[in-house]
Amino acid sequence: MTDKKYVLEHNCETGETVEREFTAQEYAQAELDAQAFAQAEAERLAAEEALATLKASAKAKLIAGEPLTAEEADTLVI
Amino acid sequence: MAMTLISTVSVGSGGIAEITFSNIPQTYTDLLILYSARTSYAANSAGLGIIPNGTEYPNLERGLYGSGSSVVSTTGAYRTIGVIPGTNYTSNTFGNGSIYVPNYATAGITKIFIGDSVAENNASASNQAILTVRAANTNAISSLSIADSTSGANLIQNSTASLYGILKGSGGATVS
Amino acid sequence: MPAGVSAYTALANVTLGSNASTVTFSSISGSYRDIVLIMQATTTGTAFARIRFNGDTSGNYSWVTMEGNGSSALSSQGNGGNNLPLPTNSTMESGVNWMNIINIFDYTQTNKGMSGLMRSNNPSDRAAAVAFRWGVTSAITQVQFIGNNQPFAAGSTFALYGVSA
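Chains as they are written, first to last, in our numbering: chain D, 11 to 88; chain S, 306 to 481; chain C, 10 to 174.
No lab work stands behind these hints, which were simulated from the structure alone. Some hints could be false.
Unchecked claim - Selected chain S positions facing chain C (Cβ under 8 Å, derived; list incomplete):
#1 Val316
#2 Ala410
#3 Val423
#4 Arg439
#5 Ala441
Stated by the list, open to error - Which bits of chain S does chain C cover? Going by a derived footprint, with three or more residues having C-beta under 8 Å, they are:
#6 356–369
#7 464–475
Every residue gets a Cβ at the ideal spot worked out from N, C-alpha and C, and that includes glycine.
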């Protein structure tokens, strides 16, 4: 890892605040966090895109007077 | 005094990856963190993670997010307890949030964190979240750390966090 | 209230030494502007739980809830209830800790119904926010936590605080 990371640590007992580098474990966890969030974001964006596609399809079918699928109908808010 | 300010930390120039309150007095009942923060992550927003006792990363999160145009609920082995704005959001605008944990000093009780936050944007879209996180064990909490748990980017200068202790009263309830 | 004086006062608390069906804070002082209740409870089985003000069961409770259970974002409402329900899943596991923060505003006023905000959380089940109203123009002098079909387990904690203006 090229960028060093630091912790601003305030000791509530002494009132002192120090700046220290991440431990190896903290570096490893930060990497895991980033990977987990990236995956969750990808899933969320995919779900949003799928919903937008369904809504667009539902709207087009309504206008054209065509029957909607159950999934398309579920996107309607009444 | 039922609510006491224990300490306040303000991030200086250059930013910092993590803010830690260590050697937290064990003389209160509950803890409250109020924060105003922003990350240097190049995105709309990022998660703010909580870590008790330095390395005891929480293992269960559940939450509800709203963006102004969509809503989503999440769960997973995460430690995200809030959302903060990233560099894509309006400059000089910080997110705000609170983190509450009851019975932090009592070993043997599950430590549950409640987080309410907004990644403020001063625009038509921003991210808001209500979250709950469970600590990995039932140890008493002697330190708490917060950090950008999404990207590991720094909390920028002028981010602040204040730690409060809440002390319960005595007696006064009827049990049946 | 003069500057520099603490606005947050601890009024009462209990940690259950054994299972209990009801926890009651009564004769609540009218000296504050708002009250805050903190509850961290474990139930002995699948559970519904309720809050009741001044023992009232006459259909005066209404609420709006938003919640996330990890797979769905949900919103619901109730009107004319005999209690204020705490958001729970009927299949909530026993032994799982559940944490609520309940803020009740202007609880001593008699010229309006009471309103409040609640956050209800169980990392194994849901994160929820509730806005509620008790439509009775009486000061709140009693708050009851009621384990509707399962008692609260030993070790559960309940605390009451007053917030001064």
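### Message
So, against the hints stated earlier in the document, which numbers end up violated here?
### Response
Violated hints (numbers, rising): 1, 2, 3 and 5; every other hint is consistent with the structure.
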